[in-house]
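Q: Sequence:
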Amino acid sequence: MLLGLLALGQLLLAAAATAQTSHSATDSTKFDVLDYVDPLIGTVNGGHVFPGASLPYSMAKAVADVNKEIQGGFASNDADITGFSHMHDSGTGGAASLGNFPLFAQTGCPGNELNRCYFNKITRASQRKNGTVVARPGYFAVSLNTSITAEMTVSNHTALYRFTFPTDGTPTKDTDPHVPLVPLIIADLSDLSESRSKATVLVDGTTGRITGNGTFNPSFGVGTYESHFCVDFHGAQVRDSGVWVNNRAGNDPKSLNVTNNVPAGAWVQFEPPQNNQIVARVGLSFISAAQACRNAQLEIPEFDFQKIRKQAEDAWRSKLNVIKVDNTGLNTSLQRTFWSSFYRTLLSPQDYTGENPLWRSDEPYFDSYYCIWDSFRSTHPFLTLVDPHAQTLMIRSLIDVYRHEGKMPDCRMSLCKGFTQGGSNADNLLADSYLKGLTDGIDWETGYEAVISDAEDEPPLWTVEGRGGLHSWKTLGYIPTDDFDPYGVGIYTRSISRTIEYSYNDFCIAEMARDMGQVHDAEKYLNRSGNWLNMFDSQSRSRLNLTGSHNLADFEDSGFQGFLQPRYLNGSFGYQDPAICTDLYNFTSCYLNENGHETYEGGAWLYTFYIPHDVATLVATLGGSDEFLRRLHYLHETPGLFYIGNEQSYIMLFLFHYIGRPGVSAEYAHKYIPSAFNDTLVGIPGNDDSGSMASFTALTMMGLFPMSGQNVYLITPPFFKEFSLLNPVTGKTATVRTRNFDAAYKNIYIQNATLNGQPLVKSWLTHDFFRDGGMLELHLGSKESGWGSGADQIPPSASTHFWKQ
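Per my numbering, the sequence shown runs over residues 7 to 811.
These are computed hints drawn from the structure, not numbers from a lab.
Check the hints yourself; a few may be wrong.
Said to hold, decoys possible - 30 Å max Cα-Cα, derived DSSO-like pairs, lysine-lysine:
#: 1; residue 1: K442; residue 2: K768
#: 2; residue 1: K789; residue 2: K36
#: 3; residue 1: K330; residue 2: K810
#: 4; residue 1: K313; residue 2: K36
#: 5; residue 1: K727; residue 2: K789
#: 6; residue 1: K442; residue 2: K530
#: 7; residue 1: K36; residue 2: K260
#: 8; residue 1: K752; residue 2: K677
#: 9; residue 1: K677; residue 2: K330
#: 10; residue 1: K530; residue 2: K260
#: 11; residue 1: K768; residue 2: K752
#: 12; residue 1: K204; residue 2: K135
#: 13; residue 1: K36; residue 2: K74
#: 14; residue 1: K313; residue 2: K330
#: 15; residue 1: K127; residue 2: K204
#: 16; residue 1: K677; residue 2: K727
#: 17; residue 1: K330; residue 2: K74
#: 18; residue 1: K127; residue 2: K480
What the hints assert, rightly or not - If you anchor each label on the Cβ, the simulated ranges turn out as follows:
#: 19; residue 1: D246; residue 2: D310; range: 24 to 30 Å
#: 20; residue 1: K752; residue 2: D41; range: 24 to 30 Å
#: 21; residue 1: D310; residue 2: A750; range: 46 to 52 Å
#: 22; residue 1: D320; residue 2: S261; range: 38 to 44 Å
#: 23; residue 1: G554; residue 2: D748; range: 39 to 45 Å
#: 24; residue 1: H410; residue 2: D560; range: 21 to 27 Å
#: 25; residue 1: D41; residue 2: T481; range: 55 to 61 Å
#: 26; residue 1: D38; residue 2: S261; range: 45 to 51 Å
#: 27; residue 1: T481; residue 2: H526; range: 51 to 57 Å
#: 28; residue 1: H395; residue 2: E633; range: 42 to 48 Å
#: 29; residue 1: D38; residue 2: E633; range: 49 to 55 Å
#: 30; residue 1: H395; residue 2: S294; range: 28 to 34 Å
These figures come from a predicted structure and were not determined experimentally.
Ideal Cβ placement from N, Cα and C applies to all residues, glycine included.
Take these sequences, add in the hints, and give me the full structure.
A: What follows is the structure, given as C-alpha cells:
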C-alpha cells in the first residue's frame, strides 16, 4: 500500500524581541510553539536554508526565488526576486536544486501592449519592498516594488499562491509609465540552476490551465530527471493566453516544445479581479502532468487559501508538540533557536511516495538526502527521537533503493544518484536505526544484505555509490594515496578521510552482525574497523602560521606529534600539512574534486580526532588522557584551527566524555551555542545540509549527543529546566529534569544523576530510555565534579566494550 502525506504544516513566525519570558510550556494559554520558529535563520552567508512554505517532509516547497545565493530559492540579501517556484531543497552546499517552473505576476503591460510586459528572468527581476517578507512554516509572503504582494502556502504535492494586485495602476516597474489593471501571470520552464535540456508547455485558451514538463540536471549528482506541473487559476476571468520565448510573446500557438535552454514558457492574462486577488494552484508530479493535476485537485479542491494555511499550521503544531519544555527564565532568543532548529530538521528528506517513476513498489520513497554523509550524524538520530515513524519509512526507502539500483545512496536528490563524499554512510544510518529497535515494516534481512554489499562489492562508478579501493582496503588495511584500483572508477582523493569513514562503516556493520547473530561477520568487520590506525604517522608534526606571517621561519610548532597522514602502496608515509583546510591554511582546498587533498572538508587536525567507534584506542595512541585533553583543548582554543561549520566537527565538543570529563563537554556546548548557533539571519556557521546544523543544535540544547551508528547518547545538562519527549510510536514519555538549574548557565556541571530513581554514574544513555519512557534527573552545580569520570563510567569503545553490549 502506497504511503501518502506524513503531515501538513504551518507555524507562526517568532517575534523579533529577545525579552525574558517566565511562562511554562505546560501552560497552553500562554505558550504556543508556533510563536518560536523563524524560518529565516541561516538564509545568508552560505546557510542556504529554505525559508518558504513547506510541510514536514513535503514535496511542495514554495518560496520567492532570488538571483543571488540561490540554493535555498530565497536569501535574506539585496538580490532581486525573479519568480515564485514550488519545489526546493534546504541547506545544500552544492549547486542550486529544483526551483522548477516558477510563476511571475505583473499588474499589466505598459500601454496594454503584451510585448511590453517582462518575460525572462533578467528583465522581470524586481526588488522586494523592505520589511515585507513574512516567513512562517507553511506560509511565505513578500511585496515587490511593483506593489504586487505574493503569498504562498502548500499541501504535500501542491503549492497555492495568492497574488494581490494594486488598483491604482502602479507601474510594472518603477521606471514604467502608468499601466492598466489587466493582470498577467507567466509560467517559466526553467529551474534555479538553468539546467533544463528540453521542455513542453500547453495553455488552455478557455480555462487558462497551464500544463507542462521539463528535463533537468540534479544539483550534486549524475543523470537527469523529468518534472511535471499543472497550474489552475481562480479569482478572475481569462482574457487571453499564449506562449513566450526569450522576451517576446503571442497568443498563437497555445503550446511550445523547446530542446535547448532558451527562456520560454506560457502566459495567461486576466480581466481585473473583483477583490484584486488571483489565486494560482500548482500541482506537482514526477510522473505526469495529468498526475500533477490530480494531486492539485485532490489536495486543494476549493482554492481556499486560509483553509490550507490553517491545515498546515495544525499539522506543524502536532509534529513539534512531541517535545514539551519548561522554559522558566529562558530568554526568547534561545527558545527561538531551539524550536527553529527542531522545525528545520523536519524539512527533509522529502516524501516522494507515489511519485517515483523509476520503479514500481509498495514501499515508501524518500528523496533529497543532502547528503547522508551530513545527515547520519545528527538529523536521522534526532528524527528517531521525535518522529520514529518517519525515520522508519526512510530506512525502508533506502533499502528499496538498494533492491532496485543495487546500492544504497550516500547522497540522492531529484530521483538521481548523488556524489559520495567519503564512505558508504547509509551503513551507519541503518545500524543506528537497527540498534535502536526500529522495526515497523523494515526488511532487516535485506538491509543487512545492503550493508554487506557496500563492504564487499565495489561498484563500477563509486563516485556515486558504494566504496572504491576495496581491494586495497581488504589486503593492505587502508586506502593508499596512490591507489591502483582497476575495479572501479571514482575521484581518487581523500585517502585519509575515506580510510577513516570506511573504518566506521565497517564498525557499524559489525554491530549489526553481532546483534543478528552473525558472529563471523562481526569479528571480520570489527577487525577492519581498526584500519584507521594504519594511517597514523607517529612521527608527523604540525607547524602553524599563528601570526599571519609569510615567513616560514615564523611558523610555530604546535607541540604535538602524531597525525593521520597519506600513505602509499609501498607502505611509506607522505606528508599533508595537518592544518590544511582550516582558516590557518587554504580553507577551501578540501572539497570534492579531482584536485582535492587527502582529507575532505577538514584537515588532519580534525580527522585525527574522528574515531567515534574507538576513542579508547585513540586516547592511548595520542599519549593518554592528559595529553588527549591538552591536544583537544588546543584544537578548540587555537584561533583558526577548528571550524564548527562542518558536520564531522560536532563530535569534537563531546570527546571529553571519553576521558571522564563530561563537564568540559558542557563548557564547549555553551561556547558554541549561542556564539555560532543562534536565532539571527547568520545563525548557523555552515550549510544546513538537510537540517544537520539544525538537528545538532536541538540535540545539544537537549543535552543529548548521539554517537550515531551506536546505541549511545552522551549526556550533558539541557539548556532548559526540564523537557519531556513523547515517543509517538510507543506512547511513552521520557523526561529530563534538572535540579539547581539557572538560566545564566553557571550551573552547567552534573554533580550526580538518577535514572528512574536509581543512581546513574555513567555519562551516557541508551535508546531504551526514549522508547520506554522514564525520568532522568540531573543535579547541577557551578563546579566540575567527578561524575562520569570512573573507568567504568565513560562511554563504550570498540576495543573495550564491543562484546559486552
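Q: Does the Cβ pair D320, S261 satisfy 38 to 44 Å?
A: Holds, since D320 and S261 (Cβ atoms, about 40 Å apart) stay within the stated range.
Q: Would you mind confirming whether the straight-line C-alpha gap from K727 to K789 stays at or under 30 Å?
A: holds, 18 Å
Q: Return holds or violated for the Cβ distance of H410 and D560 against the range 21 to 27 Å.
A: With a Cβ separation near 58 Å, H410 and D560 fall outside 21 to 27 Å, so the hint is violated.
Q: Going straight from one Cα to the other, do K313 and K36 come out at no more than 30 Å?
A: Holds: K313 and K36 sit about 24 Å apart, inside 30 Å.
Q: K530 and K260: Cα distance at most 30 Å?
A: Violated, at roughly 65 Å.
Q: Assuming the hint says 24 to 30 Å, is it satisfied by the Cβ distance from K752 to D41 or not?
A: holds, 28 Å
Q: Quick one, are K330 and K810 close enough, alpha carbons at most 30 Å?
A: violated, 35 Å
Q: For a C-alpha distance cap of 30 Å, please report whether K677 and K727 respect it.
A: holds, 19 Å
Q: Within 30 Å, alpha carbon to alpha carbon, are K442 and K530?
A: holds, 23 Å
Q: If I claimed the Cβ atoms of D246 and D310 lie 24 to 30 Å apart, would that claim hold in this structure?
A: holds, 27 Å
Q: For K789 and K36, compute the direct alpha-carbon distance and say whether it is at most 30 Å.
A: Roughly 35 Å separates the two Cα atoms, so the pair is violated.
Q: State, for the Cβ atoms of H395 and S294, whether the hinted interval 28 to 34 Å holds or is violated.
A: At roughly 29 Å between Cβ atoms, S294 and H395 fall inside 28 to 34 Å, so the hint holds.
Comparing the model with each numbered hint stated earlier shows that hints 2, 3, 7, 10, 12, 13, 17, 18, 24 and 27 do not hold.
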